[in-house]
Amino acid sequence: MQTLNQALFIFFAVLAVASAILMVTRRNIVHGAVFLITTLLSTAGIFLLLEAEFLFIVQVILYVGGIMVLFVFVIMLVNLDVSMRQVQFNRQWFVAGALALVLAAQFLFAIWAGRGALRLPAMADEISPKNTEAVADALFSHYMLPFEIASILLLVAMIGAVVMAKRRVG
Amino acid sequence: MGHLIPPSIMPYVLPVLYAVVIVAVLPLLAGYIVLMERKVMADMQARLGPMRVGPHGLLQPIADAVKLLLKEDIIPDKADRLMFWFAPLVSVTMALLAYSALAIGPAFQIADLNIGLLFILAVSSLGIYGIVLGGWASNSHYSLLGALRSAAQLVSYETAAGLGLISVLLLAGSLSMKDIVQAQSDQGVWFGFSVPFGFFIYLVGSIAETNRAPCDLPEAESELVAGYMTEYSGFRWSLYFLAEYANMIIVAGIATTLFLGGWLRPGARYHEHIPGTGIEWLDALPALLTLGVALYSLKLAPQQPVKIQKIVMGLVAVLCLGIAGILAGALFAPAGVMQGIHGAFWFMAKVFAYIYAFLWIRFTFPRYRFDQLMRLGWRFLIPLALVNVIGVGVAIVLRQQFAWGPIVSLIPTTLATLGVAMLLAKDDAPVSEAQTADGE
Amino acid sequence: MNDERTTKTISGMDSVDTTVLGADEIILNMGPQHPSTHGVLRVKLKLDGERVAGSECIIGYLHRGVEKIAEHRSYQQFAPYVDRMDYVAAVSNGLGYCEAVEKLLGTEAPPRARVVRTILTELQRIASHLLWLGTHALDIGALTPVFYCFREREEILKIFEKYCGARLTTHAFRIGGLQYETYDGFEEDTKRFCNDFAHKIDEYETLLTENRIWVGRTKGVGILNAADAIALGVTGPVLRASGVKWDLRKAQPYAAYDQYEFDIPTRETGDTYDRYVVRMEEMRQSRRICLQAVENIPTGPIMARIGKVLKPPPGEVYHSIEAPKGELGYYIVSDGTTQPYRVRVRPPSFINLQAFDKMAKGSLIADVVAIIGTIDIVLGEVDR
Amino acid sequence: MRCSWVNVDPAMPSQYIPILIYALLAAAFPAVTLIVFKFIRPDMKPNGAKLEPYECGVPPEGNARGRYSVRFYMVAILFVIFDVETIFLFPWAIKYGQLGVYGLVTMLVFLGILLIGYVWLYRKGALDWV
Chain S
12 MQTLNQALFI FFAVLAVASA ILMVTRRNIV HGAVFLITTL LSTAGIFLLL
62 EAEFLFIVQV ILYVGGIMVL FVFVIMLVNL DVSMRQVQFN RQWFVAGALA
112 LVLAAQFLFA IWAGRGALRL PAMADEISPK NTEAVADALF SHYMLPFEIA
162 SILLLVAMIG AVVMAKRRVG
Chain L
24 MGHLIPPSIM PYVLPVLYAV VIVAVLPLLA GYIVLMERKV MADMQARLGP
74 MRVGPHGLLQ PIADAVKLLL KEDIIPDKAD RLMFWFAPLV SVTMALLAYS
124 ALAIGPAFQI ADLNIGLLFI LAVSSLGIYG IVLGGWASNS HYSLLGALRS
174 AAQLVSYETA AGLGLISVLL LAGSLSMKDI VQAQSDQGVW FGFSVPFGFF
224 IYLVGSIAET NRAPCDLPEA ESELVAGYMT EYSGFRWSLY FLAEYANMII
274 VAGIATTLFL GGWLRPGARY HEHIPGTGIE WLDALPALLT LGVALYSLKL
324 APQQPVKIQK IVMGLVAVLC LGIAGILAGA LFAPAGVMQG IHGAFWFMAK
374 VFAYIYAFLW IRFTFPRYRF DQLMRLGWRF LIPLALVNVI GVGVAIVLRQ
424 QFAWGPIVSL IPTTLATLGV AMLLAKDDAP VSEAQTADGE
Chain V
8 MNDERTTKTI SGMDSVDTTV LGADEIILNM GPQHPSTHGV LRVKLKLDGE
58 RVAGSECIIG YLHRGVEKIA EHRSYQQFAP YVDRMDYVAA VSNGLGYCEA
108 VEKLLGTEAP PRARVVRTIL TELQRIASHL LWLGTHALDI GALTPVFYCF
158 REREEILKIF EKYCGARLTT HAFRIGGLQY ETYDGFEEDT KRFCNDFAHK
208 IDEYETLLTE NRIWVGRTKG VGILNAADAI ALGVTGPVLR ASGVKWDLRK
258 AQPYAAYDQY EFDIPTRETG DTYDRYVVRM EEMRQSRRIC LQAVENIPTG
308 PIMARIGKVL KPPPGEVYHS IEAPKGELGY YIVSDGTTQP YRVRVRPPSF
358 INLQAFDKMA KGSLIADVVA IIGTIDIVLG EVDR
Chain E
82 MRCSWVNVDP AMPSQYIPIL IYALLAAAFP AVTLIVFKFI RPDMKPNGAK
132 LEPYECGVPP EGNARGRYSV RFYMVAILFV IFDVETIFLF PWAIKYGQLG
182 VYGLVTMLVF LGILLIGYVW LYRKGALDWV
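Just so you know, the protein sequences line up as chains S, L, V and E, in that order. Each residue of the first sequence is one higher than the one before, starting from 12 at the first, in the numbering used here. Each residue of the second sequence is one higher than the one before, starting from 24 at the first, in the numbering used here. Each residue of the third sequence is one higher than the one before, starting from 8 at the first, in the numbering used here. Each residue of the fourth sequence is one higher than the one before, starting from 82 at the first, in the numbering used here.
Source of the hints: derived by calculation from the structure; they are not laboratory data. Hints should not be assumed to be uniformly reliable.
[Claimed, not checked] Covered stretches of chain L (chain S as the covering partner; in silico rule of three or more C-beta atoms under 8 Å from a C-beta of chain S):
hint, segment
1, 96-106
2, 135-143
3, 146-152
Owing to the predicted nature of the structure, the values given are computational and were not obtained by experimental measurement. Yeah, the Cβ is synthetic: ideal placement off N, Cα and C, and Gly gets one too.
Here chain S stands alone, though its shape is the one from the complex (with noise of 0.2 Å):
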């Protein structure tokens, strides 16, 4: 079984990157999209690995049947073809690789100077079956307050994204 997961880690951890190279790479946006669902769905699998299932599930759900719809959306609104024909790439381009890469220096030398922090703590034998009430627990005790505010939080998205719209639409 362990063969197994482990097997299972490498494809969708190796499907999530190359996805998302892929998502990036792509000139047709709406292909961009697919990948970018792609990837979502491997990290959906990656938390399922790690028996976060209500996690895994929240991530399909939101993520892939929310928000990337939403992203679907917002694809067809905009005139394709226009995009289509813009330059990939532009002049500016090696500007934004050189920050990359130093981008990519810093992470490299903060995971080898924090390496020991990364040792989590193992985990339990028995993890609870019941994720999703785990969840609510957690959410209904230590984590009340956040929750709450979470609301205030889409209640704050809501009003902002109709504002926008509608002065759009006006």
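Since the structure of chain S is already known, use the hints to place chains L, V and E on it.
Quick look at chains L, V and E alone, frame taken from chain S:
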């Protein structure tokens, strides 16, 4: 046989077997639901429906399948070939994948997930990409308009239907399909009766989610020709069709599990035995019903016009007789086997009843207009669902605090929700131009 | 496909310039090959989202030059051609043509012929309205009424078949009267149909009239006010739904209509729902006329005394009747020969279609379908 | 076998293994049928007008892609918000029996805040399609 399979793989053998059976049987089932639809439609419209292929059109689905498989395969010139190929596959795969958590009776389930219901909802909601990408790939006005409509409709009603389901989860306390049915068994009432508004919201939501009339706007043939499927033909088209019917069975399955007691037998408290045996009357009912169908087909067989049709009708009778035999045999089998087989029977019976309701609605009502449909979703169903959830929550607290009976506590809630529903329906009148301008 | 040159445009009062598009606008062609344009009408829609910003009806895909053909046929020979204009109301077309020629000849059909003509024409009106109801409901997504409507229409067609042998393009009447005497049992058949039909029409109304979705789809859709309707020359149920009480059967009685009692239903708003209600009521009134007429068919000859060769005196005539879809007029010029010099048809669908742009502007795509249905066009008649 | 550098033990819950197999089957069934029948069905080479997008028998005007109503975007964004809300409701719902009054109050506050937003949307006319 047992020693051939390593013990570590043993628990997976049965689920994988079901998986194979579902993939093999589902397309056939979808075909026969189409036949059922055509026959029901014909009956309601004072005509006969398919009668030529096989006795009473019984072989029509097979003829259709062969035709569709062999039809010319057209990909329009301007289409995005990759996406055009990929999109119907997404639709079908997601529709099929949703079956993995569905419990068809206590024994037939690929996997009993803790998040079973959410898994089904999540996977079936991904089918939207098949539609949107297919419509986009076709590069036709009708297709894209249909696809966008479809996506907007699906997401709107997904929210409403999801909120409708929450009221059941409050009562059941689990997302596992098996536990939800078990909860109905324990509480002695189907949740459809405890939370009628949850059921109503889900019924409307599921009609819209499966693009059935009166909410079949994405493929409204009188406006958008065939919506997102306009450019599809032959086998690719039939894949979409398969996905649509598979989704119908899925939503019927969810509704059956959550609101209609899943595989539970109706009249669970009725225990009258057939004299002289330990068999209850209602347990004998499935076998008797199928026996009746078998005898009826046997009676019809000699009346068929052609010899081959006589034979086919006879085979149908034999098939029904076989099923009746299995159902009858199950009565004398150990309790587990008996529940498995009869559970599957009752589950399928309820699923078909639900689908029949779909068809009935389809042939009775005209089609909504898109803005009306969206208004129904956003301005009627969603607020109603929220009120319903809160109402059920209050009812449960009341029950816990004052030890009221499960039904008693839900009656005031249901009445309150009914009031809200009427209030919302009253407000559902079209908004005048002046009001819209005011809102800007 | 250079149909811009070969087809005519009859957009409404202000036609759309489809070459200039706003940022969110697209052009969508509905038709000529579309499930709900009732034939080969092509509607070019300028859409803002799903809203119709402008529309243009492009016709001519079924043009057969009927009016031109008339110039090379004798008066009798041309009669079957008119059946093929509004092919779902062939009897009415024939009535209009025969009466126009009779007027040109200065003769009149005998009373018996006139009553039989009235009965058949009213039956035809019911049949035409039934076809309209079925297809209109189908366009709006109600799948079932169409079969019920066809079931009843079948009864009418059976009466036609028994009477003259044809069901659709009947050529039932002749110039000067009737060729065939009514068959035995004609009265009984008509009475039986009319009696049954009373319940059937209630049946359709249960399915539609108070249905929330139906009302939602039709009320307030495609409004045409009385002033616009008159300005555009709209006639028939479409006009009456806008509140104008104008019916040629009352205004300038022809055939035997002056002998019977019937009402002209009108409505106020002039939306799709009103047109539906008006037509439903018209079917009831037609039934009423049929019942009155069939009770008392006068005896006597069925053919006026006109020669075998028709040579109307030089001159011109315009005669119009209230066809199921509106005013059907024939303008015939005779030069004294056996063939008309010129025949001009005023087809109701063609004129009514002009109001389409007015009705459709600002509505949604789905409404376009309802509006095309509610005008009740037959492309055979629009294009001729 | 453990991942060497992070002390995490990947272990997919065992119920998902049949689902994985089923997913492969479900994806393979249409794909395989599609490919197999490509060879079985009579080989026809559609050409000409058959390959045009359908626009009722006339050549379509303009590209079909792009330029659609911004209201679709509104629906999608509202959907995302309500979807998040629904997802929060799921764990609440299944735990509700144990939470009792506390759970009800928590959720009333949560839903109350959102209902304010909903009422605002309702009155603003943002929920109307046109």
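Comparing the hints with the structure gives:
Residues of the segment 96-106 of chain L lying with their CB closer than 8 Å to a CB of chain S number 3, which satisfies the three-residue condition for coverage. Under a criterion of three residues with beta carbons nearer than 8 Å to beta carbons of chain S, the stated coverage of the segment 135-143 of chain L is upheld, 5 such residues being counted. Only residues whose beta carbon comes within less than 8 Å of a beta carbon in chain S count, and the segment 146-152 of chain L has 5; three or more means the coverage holds.
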